[in-house]
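Student: Please arrange chain G on chain C, whose structure you already have, making use of the hints.
Chain order of the listed sequences is C and G.
Sequential numbering of the first sequence, starting at 10, is according to our numbering.
Sequential numbering of the second sequence, starting at 1491, is according to our numbering.
Keep in mind that a hint or two might mislead.
[To be verified] Simulated pairs of lysine to any residue, SDA-like, Cα-Cα distance not exceeding 20 Å:
1) G:Lys1531 <-> C:Gly10
2) G:Lys1545 <-> G:Thr1521
3) G:Lys1531 <-> C:Lys61
4) C:Lys108 <-> G:Thr1547
5) G:Lys1531 <-> C:Gln54
6) G:Lys1531 <-> C:Asn31
7) C:Lys108 <-> G:Thr1521
8) C:Lys77 <-> C:Ser67
9) C:Lys108 <-> G:Lys1510
10) C:Lys108 <-> G:Leu1536
11) C:Lys69 <-> G:Lys1531
12) C:Lys61 <-> C:Thr79
13) G:Lys1510 <-> G:Ser1580
14) G:Lys1531 <-> C:Val117
15) G:Lys1554 <-> G:Arg1527
16) G:Lys1531 <-> C:Thr116
17) C:Lys108 <-> C:Gly10
18) C:Lys108 <-> G:Glu1549
19) G:Lys1510 <-> G:Thr1539
[Stated by the list, open to error] Covered stretches of chain C (chain G as the covering partner; in silico rule of three or more C-beta atoms under 8 Å from a C-beta of chain G):
20) 25-34
21) 98-110
Honestly, the hints are just simulated from the structure, not real lab data.
We treat Cβ as the ideally placed atom computed from N, Cα and C, and that holds for glycine.
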Amino acid sequence: GDSVTQMEGPVTLSEEAFLTINCTYTATGYPSLFWYVQYPGEGLQLLLKATKADDKGSNKGFEATYRKETTSFHLEKGSVQVSDSAVYFCALSDRGDYKLSFGAGTTVTVRA
Amino acid sequence: GAVVSQHPSWVICKSGTSVKIECRSLDFQATTMFWYRQFPKQSLMLMATSNEGSKATYEQGVEKDKFLINHASLTLSTLTVTSAHPEDSSFYICSALTSGNTDTQYFGPGTRLTVL
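Next comes chain C alone, as it looks inside the complex:
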């Protein structure tokens, strides 16, 4: 079945540091890949997505590239801010039924 493996946290960084959260997946078809973010006390928000190999999703300074050869979709940001403190979820949607399979989530804390 489909699955998503995500880098375990928690991750603690200083402001302006570089952030990478690793995400790899297993899927039978050609999934769409997503990063969702959950800020404290809020619901999940779509951060970015990519629907086919070599696509790069980007938003709010975050980027992730769909790598079919390594089945990966790593999230990166070059210079984090305190406001980026949140839980980040990698997810995939396969089979055409739009059901999402989520990774375990990575808690990121950015210190001033």
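Tutor: Structure of chain G alone, referenced to chain C:
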């Protein structure tokens, strides 16, 4: 745009009672909505797919008679936890799929259920 609301945001109930949670798409129509459950510091687990005008589809291991889902209109789906017990305490989250050929889900803020 693409806002999803949930009501209530939190609820405390006694064991054995039933609790209804509403999920609404505020500015778009959603033929499909999803219900998830999230345990503390864990990921989201898909419970069921709610389709407007038809029966919900439940994931393996989810009791359909315990978690009743009704999707009566294109903007409203409800989840009723029947005869709730302490082990049902959790964070319940819905999402809505925009109509058309798109695979982006928009999530509600979640409902915290505590069963005493």
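Student: Going through the earlier hints one by one, which of them does the structure break, listed in rising order?
Tutor: 1, 3, 9, 11, 20
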